[in-house]
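**Student:** Chains D, G and V, in that order, give the protein sequences. Take the first sequence: its letters are residues 1 to 358, numbered as in my numbering. Take the second sequence: its letters are residues 359 to 654, numbered as in my numbering. Take the third sequence: its letters are residues 655 to 1077, numbered as in my numbering.
Since the hints were made in silico from the structure, they are not lab data. Even for Gly, the Cβ is constructed at its ideal location relative to N, Cα and C. One or more hints might be untrue.
[To be verified] Pulled a few chain G residues facing chain V out of the computed Cβ check, cut under 7 Å: (1) H512; (2) E542; (3) Y545; (4) A548; (5) G553; (6) A554; (7) V557; (8) H563; (9) P566; (10) T570.
[To be verified] If you anchor each label on the Cβ, the simulated ranges turn out as follows: (11) V/A1015 x G/P566: 58 to 64 Å; (12) D/E335 x V/D817: 38 to 44 Å; (13) G/L501 x V/H812: 55 to 61 Å; (14) G/R489 x V/H812: 47 to 53 Å.
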Amino acid sequence: MALLSVRDLLVRFQTHDGTVYAVNGVSFDLDESETLGLVGESGCGKSVTNLAVMRLLPRPAGRIVGGHVYFQDEDLVGLDEAEMRDLRGKEIAMIFQDPMTSLNPVLTIEEQMVETIKAHKKVTGKEARARAIELLAMVGIPEPEPLLRNFPHQFSGGMRQRVMIAMALALEPKLLIADEPTTALDVTIQAQVLELLSRLAADHGTAVILITHDLGVVAGMTRRTNVMYAGFVVESATTANLFAKPSHPYTVGLLHSMPRLDAQPGEPLIPIEGTPPDLRFAPVGCPFAPRCAWRVEACWKEMPTLEPIVATSEVQMTGPLATHRAACWNRPTPEEAAAGRPLRDDFIPAALPIEAPR
Amino acid sequence: MATSSGLMIAPTARVSGGLWHDAFRRLRRNKPALVGIFFIAVFVTGAILAPWIAPYGPTVGSLSNNMQGPSLAHLMGTDLQGYDEFSRVLYGARISLTVGVVAVVFGLIGGTTVGAIAGGAGGIVDGVLMRVVDVLLAVPGILLAIGIVAWLGHGEIQIMLAVGVSYSPIFARLLRGSLLALRESDYVIAARSMGASPVRILLRHMLPNALTPLIVQATLAAATAIIDVAGLGFLGLGPGDPRVAEWGEMLTDSSRFLQDAPYLIFFPGAAIVISAVGFNLLGDGLREALDPRLKR
Amino acid sequence: MTSYVAPGPGPAGVPAAGAPAEAPAAPQALMRVEALKMYFAITSGILISRHVGDVRAVDGISLSIEKGETVGLVGESGCGKSTVGRTILRLYRPTAGRVVFDGQDITRAEGSTLRAVRRRMQMIFQDPYASLNPRMTAAGIISEPLEIHGIGTGRERHEQVRDLLATVGLDPDYGDRYPHEFSGGQRQRIGVARALALHPDLIVADEPISALDVSIQAQIINLLERLQGEFGLTYLFIAHDLSVVRHISDRIAVMYLGRIAELAGSRELYDRPLHPYSVALLSAVPIPDPAVEGRRRRIILTGDVPSPSNPPSGCTFHTRCWLRERLGNPDRCVAEEPVLREMATRHEVACHFAEEVDGTAEQVQVTGRSGRGGAAGPSVSAAAAGVAFSGEKVGTDAGPADASVPVAPTTPEGPPPRPSRRG
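Isolated chain D (complex conformation):
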């Protein structure tokens, strides 16, 4: 039974510029102790999806307008705020990109950690403090006791993120959502923090949703990965398969447009043309179509659903390949995925229909 099951999630924002269609039907599962990667660029909806799971969308602008979020078989969408508060921190925890803004700058570390612990557990101040010290040691902060009295700004970025992780894991939640936890950090510090995260998750059996735009981070940390674009999941697979057999033009495009440290020198980058879509328009058809080299007529009309890349009759419903799904009318073949562009003779991407909904 999946720990977390998101089904057809729809999230919209009301701004005075109009409605922003942030999440347009996202579904995925997460098992216990599994690390799932959620990859996409800014505006793809990865952060909003997880804020929706935590029911932390900015109000009144952000609303879940459809779908379900089943956490341990309970639909979080219907819960009231008090019940959600009970869950947050204790069962589901979240860490954010910028530890400077997610840690209260006017409270000491001790105050913040003790507050979190005491909010959910009946312990004395002393016990909470001892637990805080234990947690800081667990995240690799040497000699934590004197540091408790410090304020967040007295720590470096890497240390602050460790404190965030310590606070998030204080109550041993079943699910940890890490929203771009290392994007703001230097690469050597990133390595430290990611290593810590994966070790702790393994030690405590915590399921992790790792949100990032960096495919390299996902490659080293996750077992499964979902690729998101404009509020949709466009590809879902085990991480190994995602890189081995990318089956959506966006994934293919991303892989070919990123310079790799171990690439042959002189290997050209193949950028994805165009710019990300404006989410203020309700999506009609596949949102990636304007930038897609594989597009066909159908792409302009209807958004494809996530389908297994191999017809289910051909393969047993077990094994990683069975769960590899992509949402595309015209999936790239493995050769095209390797080349980074369509290889079919005389294939011309379908032109924009005259009455384009834009």
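Fit chains G and V to the supplied structure of chain D, relying on the hints for placement.
**Tutor:** Chains G and V alone, transformed into the frame defined by chain D:
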């Protein structure tokens, strides 16, 4: 692939018409700001058209007719001398609004000059000027204004100067702060790296971008200036000529009649409050409208 | 890109012998800095500011940039790379050292001399939202350098601007729009057009793509490469993303706390890093390939980067250096600042013990290649799925609570897989 960067990338259909245009549109959508503009417009119109729309002159009336309550003939009643209150409120608007606005203008001129010198010169000059500004800021504005009027004597110009000087430190601080911050912004550094002269950088890059907070602050200052001018009048430091209608002085004259003729206090007081609130609402609206960061 | 042949890695511990295949022909570099230092004074005091210390942003850099090449300057935050870029453009006055542009010493140049030189070197900035004056139109921004230097008539400038917009891939008709009407990638293109306006020889690109989405980054990288060919530009490419720097640069300088740790051809740096920091940096860069990631062995540096206002004595890296720890904490690292010395042709390293790095398991394992010599292509075998990510921590006793794993030399395949760390 040769096409990778050859693709013409065009922004979508034009949604913006320049920064002032956008600001204006945002302002139009802001209801409180529109209310503020309306209030100000009412008073400005009243002030300008006073000679034509006031039913009487500001000093027309007879003692036999004094202390009358509001009636059809005298919409706001008559005061101690028998003058029509409504007309006096209208004529009073001229003084309050003019003096208030001009005072802010004086303050702007003085303040921005000091701020620009301090921000531009830096070093000792900056240090000394800012300490002077600090001292001036330590004195409550109204006290400073009182002091200056006491020194210079009665009169409209004197009031304008006094109130203006009391606002200069704020503007100086504001401009200096903006200039210092802007100096480090990338586009200023870009201009330097192109070889732009410091004058060009100041005029073309820094000042236009430093104006916004000043405009907002000036509008808000107008609100308090109106109150300050009335306050000076109330304390007897107003224009000096008792026949001139000035809201603050009208309050002074009527303050002892709170029980008998509350309308004599209510109407000038309301005029002060509403015009000040008007400027405040406009200032807040401008602050929100002029912030370029709000547009993406 | 100029073709520069890196000597292949030789037998362990011996710098490659043999002459390079092509001797540099340019007699003098386009840009050269010698022992450049840039300190920013820290002051304190109420009325009179007292000089109480210095932030040593750049602490002795020597570097030369040949015409037509791309030199990458890479390092983490606080290493001083941005300051180097700005000092080279004389946006700051160097505290010490020399800056020589095309044979002309511009270290102390001012006024019209400097202005004349400014025409030949320009900058592209990191933040596409902050580097354009929000109150000027795109056309105004691009034509400003032309106006400043009095180039062309109004009409000619107008045409030039349209040409430049087209060159960078923007529709020339949109010149009268304001920056906020463009996307981040488009604004960056405007910045590039502005830098090109004067047809400079040298462009310093300070993190030009860090603030952009991944799918847009490649567009800008390709644009910059194309322009280099079309206009014969020389680039100093400053970034923290080693993958990008490696892709675009001919040579790379790795900086740490204001000094250059290693300076080598981009391929050579990757094949054979000789500074312990370079090795750690390379090992920390994520590679988008789970099979490769699974094989890699990460060096986790402990602790944080020291403050540039109070750098460690001797070698600034000694407080976090894994090599030093392995060698038993030699005093030389604390006592003596290492100088850049040539370990192989056009491969300089600032480390007393660089010889010890060559051939270590860390160096070899840095990108998960099995065996040395020749880079393996990305492996796309699905069978590699499930291989544990074996991240061994190499740290000092100031490290995390769990005991640091002693580093034992292992076979190139790496230690036996641990129980899977991923759920």
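**Student:** Once the shortest beta carbon distance from G/Y545 to chain V is found, is it less than 7 Å?
**Tutor:** With a closest approach of 4 Å, the G/Y545 hint holds.
**Student:** Hint G/V557 vs chain V: min CB-CB distance below 7 Å?
**Tutor:** 12 Å, violated
**Student:** With respect to the beta-carbon atoms only, verify the hint that V/A1015 and G/P566 lie 58 to 64 Å apart.
**Tutor:** 59 Å, holds
**Student:** Please test the hint of 38 to 44 Å on the beta carbon pair from D/E335 and V/D817.
**Tutor:** The hint (38 to 44 Å, Cβ to Cβ) holds, given that D/E335 and V/D817 are roughly 40 Å apart.
**Student:** Against chain V, with CB atoms and a cut of 7 Å, does the hint on G/H512 hold up?
**Tutor:** The hint is violated - G/H512 has no Cβ within 7 Å of chain V, the shortest such distance being about 39 Å.
**Student:** Against chain V, is G/E542 within 7 Å by beta-carbon distance?
**Tutor:** This hint is violated: G/E542 lies away from chain V, its Cβ roughly 10 Å from the closest one there, beyond 7 Å.
**Student:** Was the hint right that G/A548 lines chain V, CB cutoff 7 Å?
**Tutor:** 6 Å, holds
**Student:** Against chain V, is G/T570 within 7 Å by beta-carbon distance?
**Tutor:** 10 Å, violated
**Student:** Taking the beta carbons of G/L501 and V/H812, is their distance inside 55 to 61 Å?
**Tutor:** With Cβ atoms ~57 Å apart, the hint holds.
**Student:** How does the Cβ-Cβ distance of G/R489 and V/H812 compare with 47 to 53 Å: does it lie in that range?
**Tutor:** Holds, since G/R489 and V/H812 (Cβ atoms, about 49 Å apart) stay within the stated range.
**Student:** Please check whether G/H563 passes as an interface residue: C-beta within 7 Å of a C-beta belonging to chain V.
**Tutor:** 6 Å, holds
**Student:** Do the numbers back the hint for G/G553, that is, is its least Cβ distance to chain V under 7 Å?
**Tutor:** 4 Å, holds
Of the numbered hints listed earlier, those contradicted by the structure are 1, 2, 7, 10.
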